[in-house]
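Enquirer: Given next are the chains, with one letter for each unit.
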Amino acid sequence: MKLLLVAESRQNKLLGSINELLGFAEQLSAESAVFLVGSETDIPRFNGNLYLADAATFTEYNPAAHKALLLRAIEQEQPDLIVFCHSSYGWDLAPRIAYALEAAQISEVVGIEQDEFISPACNAKLRRKIKSLAQKTVLTLQAGVFSAVEENDALPQIISLGDETNNQDKVQFQGYEEAEQGGVDLGKAKIIVSAGRGIGKPENISLISTLAQTMGGEYGASRPVVDAQWTEHNRQVGTTGQSVAPKLYLACGISGAIQHLAGMKKSEFIVAVNTDKDAPIAEIADVLVVADLKQFVPALTEKLKAL
Amino acid sequence: MKILVCIKQVPDMESKFKIDGDGTWYSPGDLVWRMNEYDEYAVEQAVQLKEKGGEADITVLCIGPERVKETMKKALAMGCDRGVHIADDSNWKKDALTNSAVIAEFARDKNFDYIFTGMQSQDRGSGQTGVLLAEMLDLPCVTTIVDFVFDAGAITVKRELEGGIKAIVKVSSPALFTCQLGLNTPRYPTLPNIMKAKKKELLSIAMEQLQKIAPRQETVKMFFPEKKGGGLVLEGDSADLADQLIKILKEKTTVLA
Chain A
41 MKLLLVAESR QNKLLGSINE LLGFAEQLSA ESAVFLVGSE TDIPRFNGNL
91 YLADAATFTE YNPAAHKALL LRAIEQEQPD LIVFCHSSYG WDLAPRIAYA
141 LEAAQISEVV GIEQDEFISP ACNAKLRRKI KSLAQKTVLT LQAGVFSAVE
191 ENDALPQIIS LGDETNNQDK VQFQGYEEAE QGGVDLGKAK IIVSAGRGIG
241 KPENISLIST LAQTMGGEYG ASRPVVDAQW TEHNRQVGTT GQSVAPKLYL
291 ACGISGAIQH LAGMKKSEFI VAVNTDKDAP IAEIADVLVV ADLKQFVPAL
341 TEKLKAL
Chain B
1126 MKILVCIKQV PDMESKFKID GDGTWYSPGD LVWRMNEYDE YAVEQAVQLK
1176 EKGGEADITV LCIGPERVKE TMKKALAMGC DRGVHIADDS NWKKDALTNS
1226 AVIAEFARDK NFDYIFTGMQ SQDRGSGQTG VLLAEMLDLP CVTTIVDFVF
1276 DAGAITVKRE LEGGIKAIVK VSSPALFTCQ LGLNTPRYPT LPNIMKAKKK
1326 ELLSIAMEQL QKIAPRQETV KMFFPEKKGG GLVLEGDSAD LADQLIKILK
1376 EKTTVLA
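In order, the protein sequence lines correspond to chains A and B. Going by the numbering used here, the first sequence opens with residue 41, and the numbers climb by one from there. Going by the numbering used here, the second sequence opens with residue 1126, and the numbers climb by one from there.
Treat the hints as calculated values from the structure; they're not laboratory data. Since the model is a prediction, treat every value here as computed from it, not as a measurement. Some hints could be false.
To be verified - In the DSS-like style, the derived pairs of lysine-lysine whose C-alpha atoms are separated by at most 25 Å in a straight line are: (1) A:K345 with A:K169; (2) A:K53 with B:K1295; (3) A:K169 with B:K1141; (4) A:K228 with B:K1141; (5) B:K1219 with A:K176; (6) B:K1377 with B:K1325; (7) B:K1194 with A:K169; (8) B:K1143 with A:K169; (9) B:K1352 with A:K169; (10) B:K1352 with A:K306.
Make the full structure from the sequences, and use the hints.
Expert: Right under this line is the structure:
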């Protein structure tokens, strides 16, 4: 089996996620080549062909140009599987490639069993086992599922994809806007009490912040709470917020979307307060308190104050 | 200006799911159905664009059985002008490719200037339909937008990337956008608008009339993830639960020391 892995470059740096794709290829004992629109000064370490195009010419986001380049690499390499990260780059480019190749695309793969792929459904409450019916298959792999290869000194064989550009690109990348800085550094907190959608209304943030304060920790939030502007973005935990690993993570009313779990699952001890026993957060929690947080959180705060 | 918004009806994710008889999907019984959350942002963005851009006609499209009309009525009450229901009683079996090909077949000769979709559905979660539709219609497409600014025909959007960074992207119409959570604040339909929505055109087309591509993948099984076990489940009265948790934290962690 032959794999073509799609690496990503962000602000002129190769993203480490390519090592998870290489780890996936290793798990399959497959031969792999890598595709990258990036820079020859920062390339992935592996044995095989590296199809390289220069991001200075093509920019890091130009779907039509990246599609054309990747199709050229596929044409030369003839892989059975084309493998992306399930990331903002991967889910944008993968369907374009799948369509051009008349391939099947299986998204957000978390496992493989023989030639069938496992992917989450319904906010990760369920799993699907999916079979490709096409000659070629395009995959996007969920972050953090497949073990990354160790650092090594292997050097790939670089195959330049040239620098012909198509000037008619209708999508024009203008640059990046940095994440909001300052405010709360949740990374340093030993205790984090986090609020999820289950708090119900913005006033209930104070229940969470009071508990955090009582315990000498910080409070965080899941994405829906931040999107609803019930609290600031710099308190968001998850892939588009901060990644944290405190001694105690107390998730209140958080169902546990994959993106949230990715940002907190390395916490030493996880307590979840939720009315839904089947919420995905229950899967990784050391303790699940089945309760309405609006009653439980104040009760816990009172007891802790009395200690 | 002609705008198309594609929406999907999904179960409320808080629902208690059960696996269907043949083991390949969740059972549709006993579920509360609602508009896919990402699509609410798509509808809202279309309505805001109409409010900003003046003369516009918004078509909302949904594929599924009869019950999806309830969700379409919400989109009409939010401000869409007309509905197109593609009737398909077994839509849960269809992959993103089949659905996007059907929508493309409908949209091809309609000359939409802007198409909005959610970035993914909450149940299937493939995140492919919007991009595939754009490829089929040969439209530029920007995914995962969290900001949309319309200025005299030119569009500037922000794409959400990992770690809170955003990419700023310019594109002109016609174009397709897939909407991420937080793009805007979807409005609640008002009662007068709910009444008005009942009078708006809602056309039904049979799926078979538009379906020309065979699926390229098949869900062979749906199942619940294995519980890892080890996690302690506490139930009961809040005050008792608080005592139990404090005891556990004292034994297992150092945070209360």
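Enquirer: Given the proposed pairing of K169 of chain A with K1141 of chain B, does the C-alpha separation stay at or below 25 Å?
Expert: Measuring from Cα to Cα gives roughly 20 Å; hence the hint holds.
Enquirer: Given the hint that K1219 of chain B pairs with K176 of chain A, test it: the Cα-Cα distance must not exceed 25 Å.
Expert: It holds: about 19 Å lies between the C-alpha atoms, which stays within 25 Å.
Enquirer: Straight-line Cα separation of K1194 of chain B and K169 of chain A no greater than 25 Å?
Expert: violated (30 Å)
Enquirer: Given the proposed pairing of K53 of chain A with K1295 of chain B, does the C-alpha separation stay at or below 25 Å?
Expert: holds (23 Å)
Enquirer: For the pair supplied as a hint, K345 of chain A and K169 of chain A, confirm whether the alpha-carbon distance does not exceed 25 Å.
Expert: Roughly 49 Å separates the two Cα atoms, so the pair is violated.
Enquirer: Would the hint linking K1352 of chain B and K169 of chain A be met if the CA-CA limit is 25 Å?
Expert: holds (17 Å)
Enquirer: Checking one constraint from the list: CA of K1143 of chain B to CA of K169 of chain A, max 25 Å. Satisfied?
Expert: Holds, because 16 Å separates the two Cα atoms, which is no more than 25 Å.
Enquirer: Verify the proposed pairing of K1352 of chain B with K306 of chain A, using a straight-line Cα cut of 25 Å.
Expert: holds (18 Å)
Enquirer: Just to be careful, I want the Cα atoms of K1377 of chain B and K1325 of chain B compared with a cutoff of 25 Å; is the pair within it?
Expert: Violated - the C-alpha atoms of K1325 of chain B and K1377 of chain B are around 60 Å apart, more than 25 Å.
Enquirer: Given the hint that K228 of chain A pairs with K1141 of chain B, does the C-alpha gap stay at or below 25 Å?
Expert: violated (37 Å)
The structure fails hints 1, 4, 6, 7 (numbered hints given earlier, in ascending order).
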